[in-house]
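Colleague: With the hints as constraints, model all of the structure from the sequences given.
Numbering (my numbering), first residue to last: 90 to 313.
I should point out that these hints are in silico values taken from the structure, not numbers from a laboratory.
Remember, predicted model here, so these are calculated numbers, not experimental data.
Take the hints with a grain of salt, since some may be wrong.
Said to hold, decoys possible - Here are the computed distance ranges between Cβ atoms for each label pair:
(1) Thr282 - Asn203: 22 to 28 Å
(2) Ala158 - Ala197: 53 to 59 Å
(3) Ala171 - Leu202: 44 to 50 Å
(4) Ile213 - Arg191: 29 to 35 Å
Glycine included, C-beta positions come from ideal geometry on N, C-alpha and C.
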Amino acid sequence: MRAVTALVLAISIATSDAYLLRRFTIPLAAPRSRAVYLCATPEDRVRELEEMNRVAEQRRQAAEERAAATEADLRAREQREAASNAAAAQAAAQAQAAAEQRMAEEQAEREKLNKLFLSIVIDIIGMATYAVPVAGEAGDIAWAPISAYLVYQLYGNGLISGLAFAEELLPGLDIIPTATIAWILENTEFGQTFAGKAPAGAPGVAPPGAEKGDGMKRAEGEEL
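Modeller: Right, here's the structure in full:
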């Protein structure tokens with residue numbers, strides 16, 4: 090009986106010791122990093138703080154690099170947008186200039202046709218005097234200064250207007266279409282060459298910046 094009691098007591102003591110060992114020894118060994126930190130020397134703590142500062146500095150530098158890359162990307166995008174806007178504005182300006190040039194060319198063509206129509210009308214009125222043999226000559230005397238004035242207003246050439254005045258006054262010369270000839274001299278390649286002005290562009294098209302009747306005026310100056 091005593092042996093059994095001693096055995097039970099020994100088992101109880103052993104169990105209690107094991108429980109106490111697990112209860113107090115293992116939890117104290119579990120937080121190893123904290124224990125190491127508490128047991129570390131001041132030099133180790135300084136090194137650990139320096140390492141933490143180094144890691145923090147690396148992270149800060151990485152964040153700054155990412156921010157700089159983002160800003161560079163934004164600047165590049167803005168530059169691309171500015172270049173695209175500039176190209177679009179240039180294309181729009183070129184299109185507008187082309188449209189204005191076409192309008193100017195169309196306007197010049199309309200003016201040329203209007204001058205041709207007026208020139209034909211002037212010549213027809215001058216030739217109409219043939220319909221009335223006697224009164225027609227008196228009509229030529231009245232029409233001659235008017236015809237010369239209209240030709241000069243259309244082409245600005247004193248020589249051609251003088252010829253128009255002469256052909257209306259002189260008998261038998263009414264058949265000459267002086268105004269129409271003046272239009273040909275001003276607006277055709279043959280007329281420009283004949284007037285001493287070589288065409289710089291397409292046949293029948295005056296070069297840009299040329300004044301109306303400029304070739305005929307130059308020819309008048311050379312002959313005078």
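Colleague: Given the hint of 29 to 35 Å, is the C-beta distance from isoleucine 213 to arginine 191 inside that range or not?
Modeller: 33 Å, holds
Colleague: Between alanine 158 and alanine 197, does the C-beta distance stay in 53 to 59 Å?
Modeller: Between alanine 158 and alanine 197, where Cβ atoms are some 58 Å apart, the hint holds.
Colleague: Regarding alanine 171 and leucine 202, is the given constraint of 44 to 50 Å on their beta-carbon distance met?
Modeller: Check passed, 46 Å falls within 44 to 50 Å.
Colleague: Taking the beta carbons of threonine 282 and asparagine 203, is their distance inside 22 to 28 Å?
Modeller: 24 Å, holds
Every hint from the earlier list agrees with this structure, and none is contradicted.
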